[in-house]
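Student: What follows is the residue order along each chain.
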Amino acid sequence: MLVVVCVKQVPDTTQVQIDPVTNTLIREGVPFIVNPYDTHAVEEGLRFKDRFGFNVVAISMGPPNAEATLRKALALGVDRAVLLSDRVFGGADTLATSKVLAAAIEKLGEEEEVGVVICGKQTIDGDTAQVGPGIATRLKLAQLTLVDRVDELEPAAKKIKVSRKLEGRHEHVEAPLPVLLTVVRELNRPRYPTVAMRLDSADAKVELWDNSVLGLDVNTIGLKGSPTWVSRIFSPERAKGEMLGDGARDPDGAAQLLIDKMMEKDLLAL
Amino acid sequence: MMPQTALFTTLLVASLAFFCWSVYRRFSLVCFGQPEERLDHPGRRLQEMLLYAFGQLRVVKKPFGLNHFVIFWSFLILAIANGEFLLNGVFPSASLAVLPQGLHHALLLLFDLVSLLTLIAIALSFGRRLIVKPPYLDSLYVKGRSPEAFVILSFIALLMLAYFGMHGAQIAQGKEAASAAMPVSSFVGSFLSPYPGLLGTVEVVSWWLHALVLLAFICFLPHSKHMHILTAIPNCYLGSLDWPATQPREKFEKGAEYGAGSVERFTWKDLFDSFSCTECGRCQAACPAASTGKALNPRQIVHAIKTNLLENSLALREGRKGTLPLIGNEGEGTNTEEAIWDCTTCGACMEACPVLIEQMPKIVKMRRHLVQDESRFPEELLNLFENMEQRSNPWGIAPSERSKWVSTLEVKPFVAGETEYLLYVGCAGSFDSRAKQVTVALASVLNAAGVSYGILGKEEKCCGDSLRRLGNEYVFEKMALENVELFREKGVTKVITLCPHCLTTLKNDYRQYGLELEVLHQSQLIAELLASGRIKLDGSEKSLGKITYHDPCYLGRHNGVFDAPRGVIQAATGSAPQEMERNGRNSFCCGAGGGRMWMEEFTGERVNHARVAEALEGSPDTICVACPYCMTMIEDGLKDKGAGQVRVKDVVEVVAEGLLHRKA
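So the sequences go chain by chain: A and B. Residue numbering for the first sequence follows the working numbering, beginning at 1 and increasing consecutively. Residue numbering for the second sequence follows the working numbering, beginning at 1001 and increasing consecutively.
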């Protein structure tokens, strides 16, 4: 049985700033990282491999340099890595992206039965959380989102039981295989690669699939197949604070001022 | 041949054969270790050996060490007497009497007095072990070995008593021509002379007692901790010439193993160390982990290596891996992971060891194995490792915020030829809010002195110190190579660091990558600036009250900077800082070194609490540090102890305040 893990290379968003003139992300000099949620997806795939001996394939859609992300997955122990990269895939929204990923998973399924597809809950650059469910919809898989624990996986009986982390509660659900999971950070603690695995992954092969392999209609993928457009991106403006009172000379007065202001804003009640 | 001679000769040959075989078996195990260069610079090594082995420099640092000094030198002197005794047993005509009479009599006098001194020293040793019982003599496994010490002490005592019995009886019988040169033996003889019928028997019994104890000693020696009689002197010769504030590089290639996951992965010198340990417990007494109730005990680490090597010797000789794991669950001959992660790499153990054993590097080698071969380490470190690799700082803060501390200050970027020094701010000085204040103070002092310096700003990367001490050598090497390239590209030759960890990494570790930098800790530079009159302090800074100085391990012990920070404080305040009981070379760690800064401390007393308690004994108003990690640990410790009124200041902040004060 095959486990497919979808990973994405994202800019380290803590380091991304927005160009105030063009309203686009300044990506120059910003390092790329593996989408943090995806590291938990990879880990869970590897745990299935450890327990059941499943083969794990990591796939990613992105530019050629996204290979680095797949190499990290290889260093952690995935069996195979496939990079979906083609100019015609570029500019895709979540719909077009999920079409390409779904097609790749289908293709992998021709070689070996796919039992579980695992995605991170969302990516930290787009923050839509739509791609995982999109893939499940396209492949007609059961989808279990926000998984924070896998209670049981029974490959023979073809079923899985998981816990979903919802706001203020947990939901225990069961689904038949094949299934798609989107996972949250609480699910597991990702492993750290040994040096031997890092060195081995350096010359492991990352397969490159372009659209000639998938054979998708170019009008349904990439920019052309994307009904969503980003018209503007901006950082919310924050009003600058002002200095009130003189704490150094009149601490009591300054404290009184603070209390008044807080009561005025309903932050404090007597 | 007399029957006595024949019997003795047979016993001697058998004992010597057993001794040689035992020593060969043990030393041949050392050869299973990895290669390491320890025979270079014979001149310097000889000097170390004379100083530490024959001069017993470290031994006498503790008052009771004088006792060992006496036993050691007596042993050397009596080796001549014992040599004569053994030779005489085989060839009855052989005697030191062939020497010129004056010299012979002088030697006899020396033997006589030294034997008495030894007897007194042995009595004191018995007293210490039975009555005083210093706590550091005990540890989990070594405790069981105490009988060994009593056996040896009894052997030596018996030897001395037999010596006096033998010579006393001879003198009483009028057989000893040189009795005048043997006052103690003559004194014993005067007690024996009323019993002329017994004298012959006393002489023979004493002679055989002396012979048998000496031979038993020879046989027992290689199988006990008293093996150190053979190994301690060469171990001082083979000691590391550079204070090992750093670790050796590793070769990263496919199929390789890293660090020490099994005993033969240590170097031959590491294994030799384990045979040189006398189990004196001084490392244990100095260790911040051991003395606060952690799992780590440096003495047990060394002991475990020896036990493991002996237990696995059969397998190793057959070319197999040993069955007793080096790292695993608690048990003699095995080190626990908890113990390995407890180390702050402060180096107090190595400073304390009388025979120059290097405990700390062995711990780092085991960490290397755990991190790099097994990917096993305390949970908290995962974030640190990822942050270091991804954002080149321990906190994972965006590198673009590295130069935020500059704000309104006038700080130039480093340009070779235009700026003399690179001010390497380091991660704490760039991101930690308290340490940033220290950075600002440093910049203002440098500006006031008109020092030509610049910074790398956002281009600066972490030096990688914590990674190296934690055994993540692979990522450390990547970061080191990047930094070395950056420094070369920028033409950096002279560096000022804020943090002693950056100091040691840039100065001692990067040398292994071919980069020789002139690196100064800020306190050293300020001391220079004061000496050359480029900054002037008038000793009138009194606002900080009574100051106690805490030596950061990586500034003091690891890099030998003790006087500069003290001198700087004195220049600013007009008086030398007060000292804690453990200071200078024997300073006690704050608890943050060796990557412990990023780890939880679950067991025993917190190291920083122990240190703060020691500092508070002198009721200081201000505790002065020279390291951002110490700053965090001491500040936290003071808060926990409810002593928040005591301030913590970096040396450079004292200077900055001194400058302000002087102007006003």
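Mixed in with the good hints, there may be bad ones.
Heads up, incomplete: computed chain A residues facing chain B, CB under 7 Å, no partners named [claimed, not checked]:
hint, residue
1, Phe32
2, Ile33
3, Asn188
4, Val195
For the record, the hints were derived by calculation from the structure and aren't laboratory data. All figures in this text were calculated on a predicted structure; none of them were measured in a lab. By construction, the Cβ of each residue, glycine as well, lies at the ideal position given by its N, Cα and C atoms.
Student: Decide, hint by hint, whether the structure agrees.
Tutor: Hints versus structure:
no.: 1; hint: Phe32; in the structure: violated, 10 Å
no.: 2; hint: Ile33; in the structure: holds, 6 Å
no.: 3; hint: Asn188; in the structure: violated, 12 Å
no.: 4; hint: Val195; in the structure: holds, 4 Å
The structure fails to meet hints 1, 3 from the earlier list, while all remaining hints are met.
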